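Got chain A sorted already, so can you dock chain B onto it with the hints?
Sequences listed follow chains A and B, in order. Take the first sequence: its letter number 312 is residue 312 in the working numbering, and every next letter is one higher. To convert, count from 1 in the second sequence and add 336; that's the working numbering.
Honestly, the hints are just simulated from the structure, not real lab data. Every value quoted in this text rests on a predicted model; they were computed, and no experiment measured them. Accuracy of the hints is not assured; some may be wrong.
Said to hold, decoys possible - Think about it this way: if two alpha-carbon atoms lie no more than 20 angstroms apart in a straight line, the pair counts; the simulated EDC-like pairs of lysine to aspartate or glutamate are:
(1) A/Lys333 / B/Glu430
(2) A/Lys216 / B/Asp498
(3) B/Lys556 / B/Asp355
(4) B/Lys359 / A/Glu179
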Amino acid sequence: MISAAKYKWIVIATLVALVLLSCIALLLGPTNLDFAALYDSLSGDSANSQSNGIWQVITQIRLPRVVMAILAGTALSASGSAFQSIFRNPMSDPYVLGISSGASVGATIAIVLGIQGGLLGIPIFAFLGACSALIVVYWLAFSLKQSEQNTLLLAGIAMSLMLGAIVSLLLVIHRDQMESIIFWTLGGFNAISWQQIWIVTPVVIFSLIMLFKYAKDLNLLAMGNETAHSLGINVKKKVAVILLISALSVSIVVAYSGVIGFVGLIVPHMVRFTVGADNRKLLPLAALWGGIFLIIADTLARTVVQPGELPVGSITALFGAPYFFFILIKRSKSHV
Amino acid sequence: MFKVKTELLERDIVMAFEDLSFKAGSKAILNTVSHELKKGRFYSIAGCNGSGKTTLLQTLLQIKKASSGHIHVPDYYPNKAHYLSYVPQNTQLEFDFSVEEAVMMGRYPYYSGITGPNSEDKQKVLDAMEMTDMINFRKRSVTTLSGGEKQRTIIARALAQDTPVMFLDEPVSQLDVFHQIEVLKLLRQIADQENKTIITVLHDLNQVAEFTDEVMVMDKGRIVAYGEPIEVLNPELLKSVFKVDSEWICAKDTKPHLIFHY
Numbered sequence: 001m002i003s004a005a006k007y008k009w010i011v012i013a014t015l016v017a018l019v020l021l022s023c024i025a026l027l028l029g030p031t032n033l034d035f036a037a038l039y040d041s042l043s044g045d046s047a048n049s050q051s052n053g054i055w056q057v058i059t060q061i062r063l064p065r066v067v068m069a070i071l072a073g074t075a076l077s078a079s080g081s082a083f084q085s086i087f088r089n090p091m092s093d094p095y096v097l098g099i100s101s102g103a104s105v106g107a108t109i110a111i112v113l114g115i116q117g118g119l120l121g122i123p124i125f126a127f128l129g130a131c132s133a134l135i136v137v138y139w140l141a142f143s144l145k146q147s148e149q150n151t152l153l154l155a156g157i158a159m160s161l162m163l164g165a166i167v168s169l170l171l172v173i174h175r176d177q178m179e180s181i182i183f184w185t186l187g188g189f190n191a192i193s194w195q196q197i198w199i200v201t202p203v204v205i206f207s208l209i210m211l212f213k214y215a216k217d218l219n220l221l222a223m224g225n226e227t228a229h230s231l232g233i234n235v236k237k238k239v240a241v242i243l244l245i246s247a248l249s250v251s252i253v254v255a256y257s258g259v260i261g262f263v264g265l266i267v268p269h270m271v272r273f274t275v276g277a278d279n280r281k282l283l284p285l286a287a288l289w290g291g292i293f294l295i296i297a298d299t300l301a302r303t304v305v306q307p308g309e310l311p312v313g314s315i316t317a318l319f320g321a322p323y324f325f326f327i328l329i330k331r332s333k334s335h336v
Numbered sequence: 337m338f339k340v341k342t343e344l345l346e347r348d349i350v351m352a353f354e355d356l357s358f359k360a361g362s363k364a365i366l367n368t369v370s371h372e373l374k375k376g377r378f379y380s381i382a383g384c385n386g387s388g389k390t391t392l393l394q395t396l397l398q399i400k401k402a403s404s405g406h407i408h409v410p411d412y413y414p415n416k417a418h419y420l421s422y423v424p425q426n427t428q429l430e431f432d433f434s435v436e437e438a439v440m441m442g443r444y445p446y447y448s449g450i451t452g453p454n455s456e457d458k459q460k461v462l463d464a465m466e467m468t469d470m471i472n473f474r475k476r477s478v479t480t481l482s483g484g485e486k487q488r489t490i491i492a493r494a495l496a497q498d499t500p501v502m503f504l505d506e507p508v509s510q511l512d513v514f515h516q517i518e519v520l521k522l523l524r525q526i527a528d529q530e531n532k533t534i535i536t537v538l539h540d541l542n543q544v545a546e547f548t549d550e551v552m553v554m555d556k557g558r559i560v561a562y563g564e565p566i567e568v569l570n571p572e573l574l575k576s577v578f579k580v581d582s583e584w585i586c587a588k589d590t591k592p593h594l595i596f597h598y
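Next up, chain A with everything else stripped away, as it sits in the complex (with noise of 0.2 angstroms):
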């Protein structure tokens, strides 16, 4: 679709938009700053520094979000890529297999329980019910003795509803809680720590490697199962790897910043308009993009209603929805 040159242009363009976003988000907050504080405290000139407490904002508070915010939006929007590929339905999402209703389940479970968040707590509760209720669909799905993805769409839609109305019992059941589980379910970085970092990084580095590994892989899963195999790929087992790499990556973002939705679902699409479907190019720009498009997202969740905040997945949510109709209509438009 695009030449290898332009191609280049674009993730060049993309790698300083990020990290002039970057900086932009680390000196937007309720103690606005300027590039000049911003400079001293990431050159470690701590001394220099106006004082430090800007200091301690910036590499303490803002910068751990920035950071989960771009691993994040890496994680969903690669794995988005990749669901859509191996479902072969560009409206699927990271989320399709149970993911995050399995996860919310098990915030909610610990927060009715009084267990508090931090860096244990409600994210491993969140990590056991994301990975519960893939094993679940995983299990349904192939005890049918079926390798046919339509069957695990269909189990994950299943285990959805069904997980997302255990929430809502428990949200009646336990009303006084009500406010801390839907703030979890809807999502954020406000509460990100760099230990939290350093058990979420590593995950996500190790599953982008592997989809970019199988990027030719999946390219020919897009075409059909059938043609998959007749190319030498043992399509079962390399549907399950890939499933379960981003699966890995998801459970273990959406853990720590709870349930972001429309990011790893229409990130991808934008990429596909711009350079096409080949997953060799899509993976690494759709990685990018899904960071930018984190980082922005909660910047507004955390200065447009200052001090307050907003949850990031109800901005991802505002800006994802419109974007899905408008995408919904062109695909109906160049599909007559």
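Quick look at chain B alone, frame taken from chain A:
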């Protein structure tokens, strides 16, 4: 995997299958079929819906695992995709791959993701697009193509795969008459010029007779007749397999044509 039988090479046989069966539950979709496929020949498979045509192709391709029987090939190929290519009945073209990217997929079994395609890979893709008359569409997105153009793109991908044996499942069933003839002529040309073996499922028995060297007629999971189309597709067989009355007519100076009585 396939079993290697080197003596097939001397007899110019590219694939031989013996007592091949495929069961879905207790139902035999494919019931002890055997046949030998020769190099450079254009085969057709005819039969009613549900007679096992697609299952036979997919079992030979090992997309479906045979319940019993053997498939022999004359030589060892580490990668099956270097020996057999396949044009399925329906290929999904949901995503915005360009025609060139889609055809390049036929070369995926030959290069790694790190090195990328070499000049031979690129040349084979160009040749395949040239042969299928898709070269002017190379930058177009496959989602914007007409049915005939899509089919030609998929055939080009199989051509780029450059395998000695090609399987095509109803390659012309969704095309208009003009493109049906174009595609069948192209397949005939591939068999004649490139010496490739082509096995294709066809429903139009006149096309079977016109373009292919040999027909295998399938009924209830068995090959009930095979050989030169005009001899095999006689009124008695067509009555028993397809439940239709037919006759071959021969107008002056033309090849015989099969007509049906309603």
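Sort out which numbered hints this structure fails and list those numbers smallest first.
4
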